[in-house]
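Colleague: Generate coordinates for the entire structure from the input sequences, incorporating the hints supplied.
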Amino acid sequence: MKALFTTKMKTQGKAGAKQVLVSFGATVFALALGMLLIYAIGFDPFSAVVAMVDGAFGSKNAFGETLVKMTPLIFTGMSYALASRCGLTNLGMEGQLYMGALAGTATGVYVSGLPAALHLPLTILAGFLGGALWGLIAGALKVRFGASEIITTVMLNTIAISFIDYMVNGPMIEPPGINCQTQPVQSTAQLPNLISGTRAHWGFVIAIVFVVLFWLFLWRSKRGYEVRVAGLNLSAARYSGIHTDKNILLVMFLAGGLAGLAGCNEILGIQIRMIPEISPGYGFDGIAVSLIGNNTPFGIVIGALLFGAFRAGGNRMQIRAKVPNAIVSVVQALVIFAVVASQMLLDKWNEHQMKKMNRQESEVA
Amino acid sequence: MGVILEMENICKQFPGVLANDCICFSVNEGEVHALLGENGAGKSTLMNILCGLYKPTSGEIRLEGETVRFNSARDAMERGIGMVHQHFMLIPTMTVTENCLIGDKEGSSVKLDRKEAGRRLRELAERYGMEIDPDAVVGTLSVGEMQRVEIVKALFRGAKILILDEPTAVLTPQEARALFKMIRALTDHQFTVIFISHKLDEVKEISDRVTVLRQGTVVGTHDIDDCSIEDLARLMVGRDIYFDAVTRQQPIGDTLLDVNNLSLHREKSNDGKLLDDLTFEVHEGEILGIAGVDGNGQAELVECLTGIRKASSGEALYRGKNLLDLSTREIMSHDVSHIPQDRQKTGLVMPMTLVENFALQDYYKKSFGKSVFLDWSGVEERSTKLIQDFSIKTPSPYELAQNLSGGNQQKVVVAREISRQPQLLIAMHPTRGLDVGAVEYIHNQLIDQRDKGVGVVLVSTEMEEIMRLSDRIIVLYEGRAMGCVRPSETTVEEMGLMMGGRTLDDIRKGRVNGTPAEEKMM
Numbered sequence: 001m002k003a004l005f006t007t008k009m010k011t012q013g014k015a016g017a018k019q020v021l022v023s024f025g026a027t028v029f030a031l032a033l034g035m036l037l038i039y040a041i042g043f044d045p046f047s048a049v050v051a052m053v054d055g056a057f058g059s060k061n062a063f064g065e066t067l068v069k070m071t072p073l074i075f076t077g078m079s080y081a082l083a084s085r086c087g088l089t090n091l092g093m094e095g096q097l098y099m100g101a102l103a104g105t106a107t108g109v110y111v112s113g114l115p116a117a118l119h120l121p122l123t124i125l126a127g128f129l130g131g132a133l134w135g136l137i138a139g140a141l142k143v144r145f146g147a148s149e150i151i152t153t154v155m156l157n158t159i160a161i162s163f164i165d166y167m168v169n170g171p172m173i174e175p176p177g178i179n180c181q182t183q184p185v186q187s188t189a190q191l192p193n194l195i196s197g198t199r200a201h202w203g204f205v206i207a208i209v210f211v212v213l214f215w216l217f218l219w220r221s222k223r224g225y226e227v228r229v230a231g232l233n234l235s236a237a238r239y240s241g242i243h244t245d246k247n248i249l250l251v252m253f254l255a256g257g258l259a260g261l262a263g264c265n266e267i268l269g270i271q272i273r274m275i276p277e278i279s280p281g282y283g284f285d286g287i288a289v290s291l292i293g294n295n296t297p298f299g300i301v302i303g304a305l306l307f308g309a310f311r312a313g314g315n316r317m318q319i320r321a322k323v324p325n326a327i328v329s330v331v332q333a334l335v336i337f338a339v340v341a342s343q344m345l346l347d348k349w350n351e352h353q354m355k356k357m358n359r360q361e362s363e364v365a
Numbered sequence: 001m002g003v004i005l006e007m008e009n010i011c012k013q014f015p016g017v018l019a020n021d022c023i024c025f026s027v028n029e030g031e032v033h034a035l036l037g038e039n040g041a042g043k044s045t046l047m048n049i050l051c052g053l054y055k056p057t058s059g060e061i062r063l064e065g066e067t068v069r070f071n072s073a074r075d076a077m078e079r080g081i082g083m084v085h086q087h088f089m090l091i092p093t094m095t096v097t098e099n100c101l102i103g104d105k106e107g108s109s110v111k112l113d114r115k116e117a118g119r120r121l122r123e124l125a126e127r128y129g130m131e132i133d134p135d136a137v138v139g140t141l142s143v144g145e146m147q148r149v150e151i152v153k154a155l156f157r158g159a160k161i162l163i164l165d166e167p168t169a170v171l172t173p174q175e176a177r178a179l180f181k182m183i184r185a186l187t188d189h190q191f192t193v194i195f196i197s198h199k200l201d202e203v204k205e206i207s208d209r210v211t212v213l214r215q216g217t218v219v220g221t222h223d224i225d226d227c228s229i230e231d232l233a234r235l236m237v238g239r240d241i242y243f244d245a246v247t248r249q250q251p252i253g254d255t256l257l258d259v260n261n262l263s264l265h266r267e268k269s270n271d272g273k274l275l276d277d278l279t280f281e282v283h284e285g286e287i288l289g290i291a292g293v294d295g296n297g298q299a300e301l302v303e304c305l306t307g308i309r310k311a312s313s314g315e316a317l318y319r320g321k322n323l324l325d326l327s328t329r330e331i332m333s334h335d336v337s338h339i340p341q342d343r344q345k346t347g348l349v350m351p352m353t354l355v356e357n358f359a360l361q362d363y364y365k366k367s368f369g370k371s372v373f374l375d376w377s378g379v380e381e382r383s384t385k386l387i388q389d390f391s392i393k394t395p396s397p398y399e400l401a402q403n404l405s406g407g408n409q410q411k412v413v414v415a416r417e418i419s420r421q422p423q424l425l426i427a428m429h430p431t432r433g434l435d436v437g438a439v440e441y442i443h444n445q446l447i448d449q450r451d452k453g454v455g456v457v458l459v460s461t462e463m464e465e466i467m468r469l470s471d472r473i474i475v476l477y478e479g480r481a482m483g484c485v486r487p488s489e490t491t492v493e494e495m496g497l498m499m500g501g502r503t504l505d506d507i508r509k510g511r512v513n514g515t516p517a518e519e520k521m522m
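Listed in order, the protein sequences are those of chains A and B. When you line the first sequence up against my numbering, it's residues 1 to 365, in that order. When you line the second sequence up against my numbering, it's residues 1 to 522, in that order.
Everything labelled a hint here was simulated from the structure, so no lab data went into it. Take these hints with a grain of salt, some might be off.
[What the hints assert, rightly or not] Under the rule of at most 25 Å between Cα atoms (straight-line distance), these lysine-lysine pairs were calculated in the PhoX-like manner:
id : chain 1 : residue 1 : chain 2 : residue 2
1  : A       : 246       : B       : 310
2  : B       : 345       : A       : 348
3  : A       : 246       : B       : 370
[Unchecked claim] What follows is a list of derived Cβ distance ranges for each label pair:
id : chain 1 : residue 1 : chain 2 : residue 2 : range
4  : A       : 147       : B       : 367       : 32 to 40 Å
5  : B       : 327       : A       : 196       : 54 to 62 Å
6  : A       : 356       : B       : 184       : 52 to 60 Å
7  : B       : 345       : A       : 208       : 34 to 42 Å
8  : B       : 24        : A       : 22        : 48 to 56 Å
9  : A       : 166       : B       : 377       : 49 to 57 Å
10 : B       : 327       : A       : 150       : 51 to 59 Å
11 : A       : 17        : B       : 317       : 52 to 60 Å
12 : B       : 367       : A       : 150       : 37 to 45 Å
13 : A       : 150       : B       : 329       : 23 to 31 Å
14 : A       : 148       : B       : 329       : 57 to 65 Å
15 : A       : 276       : B       : 113       : 51 to 59 Å
[Claimed, not checked] If the Cβ cut is set under 10 Å, some of the chain A residues that face chain B in the computed set are:
id : residue
16 : 40
17 : 44
18 : 143
19 : 165
20 : 222
21 : 232
Ideal Cβ placement from N, Cα and C applies to all residues, glycine included.
Modeller: In C-alpha cells:
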C-alpha cells in the first residue's frame with residue numbers, strides 16, 4: 001500500500017513537475033521576447049522590468065495591490081476552468097461578474113439590522129447566486145434548445161453590463177442622483193482589510209478557500225468525476241449512464257457563481273459601492289489565467305499571480321520607465337501564446353515518447 | 001469494350017495494417033464492375049486510392065493505358081474519376097445547382113453562371129433518366145434524391161468512371177431499384193461504374209464482372225454469369241474456418257433475456273427501420289453470437305439494449321423488467337455489463353488514468369465511497385488487483401489510458417466489465433484490432449463468463465470469432481434477423497448467404513427444391 005502510494009507520487013509528480021517547468025520556461029521566454037519588444041520600440045527594457053517588478057512586489061503596498069488584482073482573476077480563472085473541465089466554453093464571466101456584483105451590492109445596501117457575522121456571509125452568498133443564476137441561463141438554453149453556450153454567454157455579457165448601467169443610473173442610484181453610483185454597502189457587509197496599510201482584503205482568503213473547494217469538487221467528489229468524464233469523452237459518459245444535461249446545468253451554475261464572487265468581492269473589498277464598469281476585463285483575463293494554469297487549481301493561482309502582477313506593476317512601469325501600458329497587454333498575449341504552445345508541444349512530445357516505448361515493447365515481445 | 005482502368009500491384013500500408021496487399025484490378029469500359037468483400041477487406045482503401053484521397057505505398061494506376069499519379073481528389077476528377085461516398089458530401093442549405101458548382105473546374109470566372117449550369121444539369125438528368133430539380137435545396141431532399149445529386153454532380157464535373165461506395169446502404173428497396181435503372185442507363189452511354197458492395201443479391205443483379213477482395217488481397221475476378229450467389233458467398237467469406245469447438249462445461253440454463261419484436265425507426269420515420277422486429281432469447285450460460293456485415297443494425301441493437309438509444313417498439317425482458325424502458329444507469333446497475341464497440345471512443349476516457357477508468361461504471365455506488373466523495377484509495381486497490389489479475393501491462397495504475405497499447409486498453413475495459421460480476425454481458429467487437437495473443441485472452445475470458453452461467457451477447461463481424469465462441473448465432477441484415485443457427489449445424493457458405501441478405505428459410509428451402517443456382521453450385 002505504501003509502495004503504491006510512492007509510485008503514484010513518482011509518476012504523477014514527475015509529469016506534474018515537467019509541466020510546471022515547461023510552463024515556467026515558456027513564461028520566461030515570453031517575457032524575454034517582451035523585453036526585446038520594449039527595446040525595439042526604443043525604451044530601456046531593464047528599467048522597465050525593474051519598475052514593473054517593483055510595482056508588483058517592491059513594497060508592502062505594491063504586494064497588496066498585486067493581491068487585490070489577483071483576487072478576481074482567481075475566481076474568473078476557476079470559472080472558465082470549471083466549465084472547460086465539463087467540455088463547455090464559458091465566455092460569460094464578465095457578465096456573471098457584473099450580476100454577482102449587483103446582487104452583492106443590493107444585499108449589502110438594502111438589508112440592514114444584521115450583525116456582520118450574518119450580513120457578510122449573506123451578501124457573499126447573494127453575490128454567488130447572482131452570477132450563478134446568470135450562468136444557469138446559458139446552461140438552460142444549451143440543454144433545452146441546444147444553443148451554443150459560446151454565443152449565449154457572450155450575448156448575456158452585453159445584457160448584464162447594460163442592465164447594470166440602468167440599475168446604477170436608475171433604480172439603485174444614490175440619492176439625490178448626481179453621481180451614477182449606488183449607495184455604499186453597509187459596514188457590516190464590507191470585507192475587512194487583510195494587510196494593514198494596503199488595499200488587500202479578505203476576499204483573497206475567500207478566493208484561496210474556493211481554490212481548495214474547486215479541487216475537492218473536481219478531483220475528489222463523485223459529481224466532479226462525472227463532470228470530468230463528460231468533459232473529456234461525452235460518449236463514455238453516456239455509456240456509463242451519466243446524466244450529462246444535469247451536469248451542464250450544475251457546472252454553468254457553479255461557474256457563474258465563481259465569476260459572481262469575483263464581482264461581489266471586488267465591491268465588498270475595494271469599491272464599496274456599485275459603479276458602471278467595475279471590471280477592467282477581469283472576466284476575459286480569466287480565460288488567460290485558466291489557459292496558463294492548464295485548468296488546474298495550483299496553475300490558476302500562479303496564472304492569476306502573474307496577471308495580477310502585470311496589472312499592478314504595469315502602472316509603475318508606465319510612470320517610471322515611460323513605457324506605454326499597452327505593452328503590458330502585448331506581453332500578456334505573448335505569455336498566453338508561449339504557455340499554450342509549450343503545453344501542446346509537451347503533449348506531442350509525450351505522445352511521441354509513448355509511441356516509441358510501445359514500439360520497443362512490441363518488438364521485444 | 002476495351003480496358004479503361006488498370007490498377008497494378010497496389011499496396012497500401014497503414015500503421016500496423018497492410019490494407020491492400022499487391023492488388024491487381026482492371027475494369028473494362030462501359031461495364032458495371034462490382035467490388036465485393038467483407039468489412040476490412042480493403043475495398044474502400046483501394047477506391048480511395050483510385051479517387052486520389054490516399055496515395056498507394058507502391059503500385060501503379062493506368063488510365064486508358066497511360067500511367068497516372070493522383071495527388072488529390074481533384075486530380076482524379078480531372079481524369080474523369082468520380083466517387084459517390086457512402087456519406088454524402090453535400091451542403092444541405094444550398095441548391096442542387098450550387099452544390100454541383102462547388103469546385104467545378106469550369107467555374108473559374110468570377111460570376112457563377114447558375115442558369116447555364118442549371119440547364120446543363122437538367123439535360124444530364126434527362127439523358128440518364130434521373131428526376132432532379134436543379135433549384136431544389138438539398139436539405140429538403142430525401143436520401144435517395146441526395147444520392148442522385150451526388151451522381152449528377154460527378155457527371156457534371158466530367159466523370160467517366162463512377163465509383164459508388166455501398167450505394168444501397170442508405171436506400172429503400174424502391175430507391176435501390178431506381179438506382180439500378182440509372183446505372184444501366186449510364187453504362188448504355190459508355191460510362192463505367194465500379195460498384196462497392198457486400199450484398200450478394202445486388203452484386204449478382206447489377207454487375208457484369210466482380211472482383212472479390214479478402215483481407216487486402218484479390219481472391220479473383222469473375223464474369224458474374226459464371227458465379228452463383230453461393231459462389232460469391234464462399235469467395236467473400238472464403239477461408240476454411242477451423243474452429244476448435246469450445247467444449248461446454250455445463251448445460252445452457254434458463255432464459256435470461258427475452259427480446260420480442262424489437263424495432264427501431266430512423267429519425268425520419270418514413271426512411272425505413274434500423275432494427276426490424278427482432279425476437280430472440282439469451283439463456284444463462286450461453287453465448288449468443290450476433291453476426292453480420294458491419295452497419296446492419298448491430299450497433300443500434302446494443303444501444304437499445306443498454307439504454308443509450310430508445311427503441312421504437314418491442315420489449316426486452318430481463319429479470320421481469322423491460323430493459324427498453326430503463327435508463328443506462330438503471331440497466332447497468334442490474335448486473336449488466338457492456339463492452340462497447342470502440343474502446344477509445346466509448347469504453348475508456350483516454351486522457352484519464354487507469355484508476356479513474358476503472359471507476360467509470362460504478363463510481364456512484366456506496367462501495368466506491370460512502371459520501372459525496374470518491375474513495376480513491378479503495379479504487380486504487382481495486383485497480384491494482386485488476387491489473388494483476390488480468391495481467392495488464394502498465395508502468396503504474398496511474399498511467400493514462402491513452403499511453404497503453406490497444407490490447408492492454410481492451411483488457412482494461414474487459415477487466416472492469418467482468419469484475420462487476422455481470423449476469424448479462426454484452427460485448428461488441430471485443431477483439432477488434434488486437435493481436436493474436438490478446439484475442440485469445442479475451443476469448444477465454446468470455447468463455448469463462450459463460451461457464452459461470454453468465455448470458456453473453458457477442459456482436460462481431462469476425463466469422464471465426466462468432467463460429468468458435470457462440471452457442472447460437474443470429475445473422476443480422478439491414479436490421480432484420482436472417483436466421484438463427486448453431487455453429488455445428490451451419491456452413492460458412494450458409495452464413496455468407498445470410499450476411500448477404502438471404503433468410504435461412506429461403507436458403508434451406510432452396511436447397512430442398514434445388515433452384516437452378518443451387519444446382520450449378522453443386
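Colleague: Indicate, hint by hint, whether the structure satisfies it.
Modeller: Hint check results:
1. A distance of roughly 19 Å separates the Cα atoms of residue 246 of chain A and residue 310 of chain B; the hinted pair therefore holds under the 25 Å criterion.
2. At most 25 Å may separate the alpha-carbon atoms for a hinted pair to count; residue 345 of chain B and residue 348 of chain A meet this at roughly 20 Å.
3. Restraint check for residue 246 of chain A and residue 370 of chain B: the C-alpha separation of about 22 Å stays at or below 25 Å, so the hint holds.
4. About 39 Å separates the C-beta atoms of residue 147 of chain A and residue 367 of chain B, a value consistent with the hinted range of 32 to 40 Å.
5. At roughly 57 Å, the beta-carbon separation of residue 327 of chain B and residue 196 of chain A lies within the given 54 to 62 Å, and the hint holds.
6. Against the hinted window of 52 to 60 Å, the Cβ-Cβ separation of residue 356 of chain A and residue 184 of chain B comes to about 54 Å, which satisfies the hint.
7. Look at residue 345 of chain B against residue 208 of chain A: about 39 Å separates their beta carbons, and that is inside 34 to 42 Å.
8. Take residue 24 of chain B and residue 22 of chain A: their Cβ atoms lie about 51 Å apart, and the range 48 to 56 Å holds.
9. One distance hint, 49 to 57 Å for the beta-carbon pair residue 166 of chain A and residue 377 of chain B, holds here, with the actual separation near 53 Å.
10. Checking the proposed 51 to 59 Å range against residue 327 of chain B and residue 150 of chain A shows it is violated: the Cβ atoms sit about 29 Å from each other.
11. Between residue 17 of chain A and residue 317 of chain B the Cβ separation comes to about 55 Å, which falls inside the hinted range of 52 to 60 Å.
12. Separated by about 39 Å at the C-beta atoms, residue 367 of chain B and residue 150 of chain A satisfy the suggested range of 37 to 45 Å.
13. In this structure, residue 150 of chain A and residue 329 of chain B meet the distance hint of 23 to 31 Å, their C-beta atoms being roughly 29 Å apart.
14. For residue 148 of chain A and residue 329 of chain B, the Cβ-Cβ distance of about 27 Å falls outside the hinted range of 57 to 65 Å, so the restraint is violated.
15. Checked against the hint of 51 to 59 Å, the pair residue 276 of chain A and residue 113 of chain B passes, with Cβ atoms roughly 55 Å apart.
16. A cut of 10 Å between beta carbons decides the hint on residue 40 of chain A: the least distance to chain B is about 40 Å, and the hint is violated.
17. Among the interface hints, the one on residue 44 of chain A is violated; its C-beta lies about 45 Å from the nearest C-beta in chain B, farther than the 10 Å criterion.
18. With 10 Å as the threshold, the beta carbon of residue 143 of chain A stays out of range of chain B, its nearest partner Cβ sitting at about 17 Å, so the hint is violated.
19. Checking residue 165 of chain A against chain B: minimum C-beta separation of about 38 Å lies over 10 Å; hint violated.
20. A distance limit of 10 Å between C-beta atoms decides the matter here; for residue 222 of chain A the minimum to chain B is near 5 Å, and the interface restraint holds.
21. Among the interface hints, the one on residue 232 of chain A holds; its C-beta lies about 5 Å from the nearest C-beta in chain B, closer than the 10 Å criterion.
In this structure, the earlier hints numbered 10, 14, 16, 17, 18, 19 are contradicted, and the remaining ones agree with it.
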